[in-house]
Amino acid sequence: MQELDKNTLVDKILGQVLQEGVVSSGKEDKQVNNLSVGVTEFIGTAPIGDTIGMAIANVDPELFKHLHVEKPFKSVGILSARSGGGPQILAMDEAVKSTNTEVISIQLPRDTKGGAGHGSLILIGGNDVSDVRQAISTALNRVPDMFGDIYNTEAGHLEFQYTARASQACNMAFGVPEGQAYGMVSGAPAGIGLVMADVAVKAANVEVLSFASPAHGTSFSNEGILHITGESGAVKQAVMSARDVGIKLLSSLGGTPTNDYPSYII
Amino acid sequence: MQELDKNTLVDKILGQVLQEGVVSSGKEDKQVNNLSVGVTEFIGTAPIGDTIGMAIANVDPELFKHLHVEKPFKSVGILSARSGGGPQILAMDEAVKSTNTEVISIQLPRDTKGGAGHGSLILIGGNDVSDVRQAISTALNRVPDMFGDIYNTEAGHLEFQYTARASQACNMAFGVPEGQAYGMVSGAPAGIGLVMADVAVKAANVEVLSFASPAHGTSFSNEGILHITGESGAVKQAVMSARDVGIKLLSSLGGTPTNDYPSYII
Amino acid sequence: MQELDKNTLVDKILGQVLQEGVVSSGKEDKQVNNLSVGVTEFIGTAPIGDTIGMAIANVDPELFKHLHVEKPFKSVGILSARSGGGPQILAMDEAVKSTNTEVISIQLPRDTKGGAGHGSLILIGGNDVSDVRQAISTALNRVPDMFGDIYNTEAGHLEFQYTARASQACNMAFGVPEGQAYGMVSGAPAGIGLVMADVAVKAANVEVLSFASPAHGTSFSNEGILHITGESGAVKQAVMSARDVGIKLLSSLGGTPTNDYPSYII
Chain A
2 MQELDKNTLV
12 DKILGQVLQE
22 GVVSSGKEDK
32 QVNNLSVGVT
42 EFIGTAPIGD
52 TIGMAIANVD
62 PELFKHLHVE
72 KPFKSVGILS
82 ARSGGGPQIL
92 AMDEAVKSTN
102 TEVISIQLPR
112 DTKGGAGHGS
122 LILIGGNDVS
132 DVRQAISTAL
142 NRVPDMFGDI
152 YNTEAGHLEF
162 QYTARASQAC
172 NMAFGVPEGQ
182 AYGMVSGAPA
192 GIGLVMADVA
202 VKAANVEVLS
212 FASPAHGTSF
222 SNEGILHITG
232 ESGAVKQAVM
242 SARDVGIKLL
252 SSLGGTPTND
262 YPSYII
Chain B
2 MQELDKNTLV
12 DKILGQVLQE
22 GVVSSGKEDK
32 QVNNLSVGVT
42 EFIGTAPIGD
52 TIGMAIANVD
62 PELFKHLHVE
72 KPFKSVGILS
82 ARSGGGPQIL
92 AMDEAVKSTN
102 TEVISIQLPR
112 DTKGGAGHGS
122 LILIGGNDVS
132 DVRQAISTAL
142 NRVPDMFGDI
152 YNTEAGHLEF
162 QYTARASQAC
172 NMAFGVPEGQ
182 AYGMVSGAPA
192 GIGLVMADVA
202 VKAANVEVLS
212 FASPAHGTSF
222 SNEGILHITG
232 ESGAVKQAVM
242 SARDVGIKLL
252 SSLGGTPTND
262 YPSYII
Chain C
2 MQELDKNTLV
12 DKILGQVLQE
22 GVVSSGKEDK
32 QVNNLSVGVT
42 EFIGTAPIGD
52 TIGMAIANVD
62 PELFKHLHVE
72 KPFKSVGILS
82 ARSGGGPQIL
92 AMDEAVKSTN
102 TEVISIQLPR
112 DTKGGAGHGS
122 LILIGGNDVS
132 DVRQAISTAL
142 NRVPDMFGDI
152 YNTEAGHLEF
162 QYTARASQAC
172 NMAFGVPEGQ
182 AYGMVSGAPA
192 GIGLVMADVA
202 VKAANVEVLS
212 FASPAHGTSF
222 SNEGILHITG
232 ESGAVKQAVM
242 SARDVGIKLL
252 SSLGGTPTND
262 YPSYII
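Residue numbers (this note's numbering), protein chains in the order written: chain A, 2 to 267; chain B, 2 to 267; chain C, 2 to 267.
There may be inaccurate statements among the hints.
If several chains are the same, the list does not tell them apart, and a pair holds so long as it fits within one copy or across any two.
SDA-like, lysine to any residue: derived pairs with alpha carbons at most 20 Å apart [unchecked claim]: (1) Lys66 with Ser211; (2) Lys203 with Gly39; (3) Lys75 with Ala204; (4) Lys66 with Glu208; (5) Lys114 with Glu155; (6) Lys249 with Thr41; (7) Lys66 with Gly218; (8) Lys249 with Thr154; (9) Lys66 with Met241; (10) Lys66 with Ser106; (11) Lys114 with Thr259; (12) Lys114 with Thr154; (13) Lys114 with Pro258; (14) Lys75 with Ala58; (15) Lys72 with Asp261; (16) Lys249 with Ser264.
Honestly, the hints are just simulated from the structure, not real lab data.
Computed from a prediction, not measured in an experiment: that's the story for all the values here.
Could you put together the complete structure from these sequences and hints?
Structure follows, in C-alpha cells:
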C-alpha cells in the first residue's frame with residue numbers, strides 16, 4: 002500500500018473485476034446472441050457455459066479424414082462449450098429430432114473453468130448446410146433450459162437431466178435406446194453422485210445403463226454420474242428423489258446449491 | 002465506472018468476495034463437521050479439500066455391478082474430495098487398519114479447483130455399516146493432519162507423505178508392500194517433482210516403487226510424484242531432504258510455499 | 002458488512018489481490034530470472050506460464066529407469082510449466098538445434114490453472130551437463146517470444162505457432178518431418194479450433210499432419226488443434242488466415258482476444 006495510491010488501485014480493481022465478469026451485472030439475457038461477427042461459419046452463442054454454435058458448409062475433405070468420424074458428410078455443425086456436457090447433449094438431442102441431420106461426434110473435455118466437470122464438443126453432419134445451421138440454432142436456444150437443473154456451490158455441483166423420449170445424441174453419448182425415457186443424476190465431488198445414484202435406483206423401478214466416475218467413463222472429471230432408462234414416470238421419479246438428497250449433501254460443504262435457470266424437471 | 006455508483010459496487014464486490022471465501026476469515030477449525038443434514042448416508046466433512054464422508058448401508062445390487070469393483074460388499078463407505086489424493090489415501094490407510102473394512106476403489110479425478118493436482122474418490126467395503134461409518138469418520142478426522150506437508154503458492158504446490166507401516170490403501174494406490182515404510186515426494190509444476198525425486202533417492206538408501214508424471218500414472222495432473230519404500234528411517238530422511246530442495250525451487254516462481262496445517266514429517 | 006469495518010476489509014482485499022497478482026503491476030520483464038535459489042539444479046524461470054528450467058548432472062540410475070524414456074543419458078534438462086505446451090515445445094525445438102542435446106520426453110498435463118489448455122513437461126538428455134544447461138537456458142529465453150501469438154479472453158484462447166524449419170522437438174510432439182516448415186492453429190473452446198482448421202487448409206496448399214481435439218490427441222483439453230506442414234510460405238499463410246477468423250469467433254463470447262507479447266507470425 003505504501004507506493005500506490007489506494008483510490009487509483011480501487012478503480013483499477015473495479016475495472017478489472019467488471020471486465021472479468023467476477024461481479025455479474027444481473028441475470029444474463031436468455032436470447033441467443035446471433036450478432037454477425039463477420040465470419041460465415043458463425044451461427045450464435047448461448048448465454049451460459051461459453052457455448053458457441055458454428056457450421057461449415059463444405060468441410061475440406063483432407064481435414065475431414067482427421068476428425069475421427071466414421072460417416073462422411075458435406076456439411077458439419079458444431080456446438081462447443083467450456084462448461085457443460087449434459088445440457089448441450091440434451092439440447093442437441095432435441096435439435097436433431099426435427100432436422101435432417103445426424104450427430105457424428107460427442108467429445109467431453111475436462112473443463113468447466115476450474116470446476117469439477119466437463120465442457121463439450123458436439124459435431125453433427127448433414128448434406129445441406131441450411132439443415133445443419135437450423136439444428137445448431139435450435140440447440141443453442143435450448144441450452145439455457147437444459148441448465149435448469151444444474152445446481153452450483155463453491156464446493157461442487159449437481160446435475161439432473163430427463164427426457165421422455167431419447168434421440169440420437171443420448172444414444173451415442175450414454176447408450177440410451179432411441180425412443181426410450183432417459184434420466185441423468187450427477188454430483189460433484191463424485192461421492193455425492195454415488196449416494197444420489199443409490200437413492201435414485203431405490204426410489205423407482207428403473208434400469209441402470211451405467212455409472213460413470215473419475216476413472217470410468219469420464220474425462221477424469223470429479224463426478225459420479227448415473228445413467229438410467231425405463232418407464233418415463235419412474236425415470237423422472239428416480240431423478241427427483243436423488244435431487245432432494247443431493248442438494249442436502251452438497252450443502253454440507255457450505256453454500257446453497259443454486260440453479261441459473263428455472264428447473265425443468267417438475 | 003460511469004453509470005454505476007462506486008460505493009454500491011464496492012459493497013457488492015465485498016459481499017461477493019466474502020461469500021466466495023476469497024478472503025478467508027482466518028484459520029479454519031480442524032473439527033470434523035458432523036452436523037446432521039437430514040440424509041442417513043451423511044457422516045461428516047473435513048475442513049479442507051472439500052472432503053465429504055458418507056456410507057450406504059445396503060448398496061443397490063444392480064448399481065453395485067456398475068461400480069467396477071471386484072469383491073461384493075453389503076455396505077460401502079465413501080471419502081470424496083475436490084482437492085487432495087495423498088492426504089485422503091493416507092488417512093484412509095490408517096482408518097482401515099483398525100476396522101473390519103477394506104478399500105475397494107481409489108480413483109483420482111483431475112481436480113483441485115484450478116490447481117495442478119488431483120481430487121479423490123475412495124470407496125471402502127464392509128459387511129456391517131457401523132464398521133464402515135467408523136472407518137470413514139476416522140479418516141475424516143485424520144485428513145487435516147495429512148495436509149500438514151502440502152505447501153502451496155500461486156504457481157504450484159509440494160506434497161510429502163510418510164508412514165512407517167503402510168496398509169491396504171497405500172498398497173492399492175501405490176503398490177507399497179503392506180507393513181513396509183512408504184514415502185511420497187510430489188511437486189507441481191511436474192519438473193520440480195522430478196528434481197526432488199533425484200534428491201530423495203540420492204539422500205538415503207531407498208527403493209523406488211514408481212515415478213508418476215503428467216503422461217504416466219497420473220490423471221494428466223501437472224505433478225512429478227516419487228513413491229518409495231525401504232527402511233523407515235531412510236524413507237523419512239529421503240522425503241525430508243527432497244522437501245528442503247522443493248521449497249526453494251517452488252519459491253523461484255514467486256510466493257512462499259505455505260502449509261495449512263502443521264508439518265507431521267519431523 | 003455488519004460486523005467488519007469496511008476500510009479494514011478493503012485493505013485486506015487489496016493486500017490479497019496484490020499478493021495474488023490478480024492486478025498485475027504492468028508488463029512483466031522479459032528477462033529470465035536466474036537468481037540463485039541455493040539449488041544446484043536450478044537454471045532459471047521464464048516470465049510467463051509459471052515456467053521453470055532445471056538440470057540434473059547425473060540422474061540417479063534407479064530413478065532413470067522409472068522415467069519412461071528409451072535412451073539413457075547421464076544429464077537431464079527439464080523445462081516445466083503450468084501454462085503452455087506449444088510455446089515451450091517451439092522454444093525447445095530451437096534450443097536443441099544449436100546444442101549437443103536431444104529431446105527425450107514431452108508430456109502435456111491438463112493444466113493452465115483453470116484455463117482450457119495444457120501445461121508441459123519437457124525433458125532433454127545430454128552427456129555433458131553444461132550442454133544441457135545451455136539448451137534449457139536458451140529455451141527459457143525464447144518462451145516469451147513463442148507466447149506472442151497466444152490470444153486470451155475470459156472465455157477461451159487462440160494459439161498459433163510457425164517455424165520454417167522444424168527440429169527434433171516438433172518431430173517428437175507433432176510428427177513434423179525434421180527440416181520442414183510447421184504450423185499450428187489452435188482454439189478453445191475446441192469448436193473454434195475446428196472452424197479455424199478448415200479456414201487454414203483452404204487458404205493455402207498445405208498438408209494436414211493431424212487434428213487434435215478433446216478426445217483425440219489432447220490430454221482432455223478443450224482445444225481443437227491443427228498441425229500442418231508444407232512449403233513455408235503456404236504454411237505461414239494458412240496460419241495467418243486462420244488467426245483472422247479465430248479472433249472474430251472468440252470475440253463473439255465476449256472480451257477482446259489479447260496477446261501478452263508481440264506477435265511473431267507476421
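**Asked** Which earlier hints can't be squared with this structure?
**Response** Hints 9 and 15 are the ones this structure does not satisfy, whereas the remaining hints hold.
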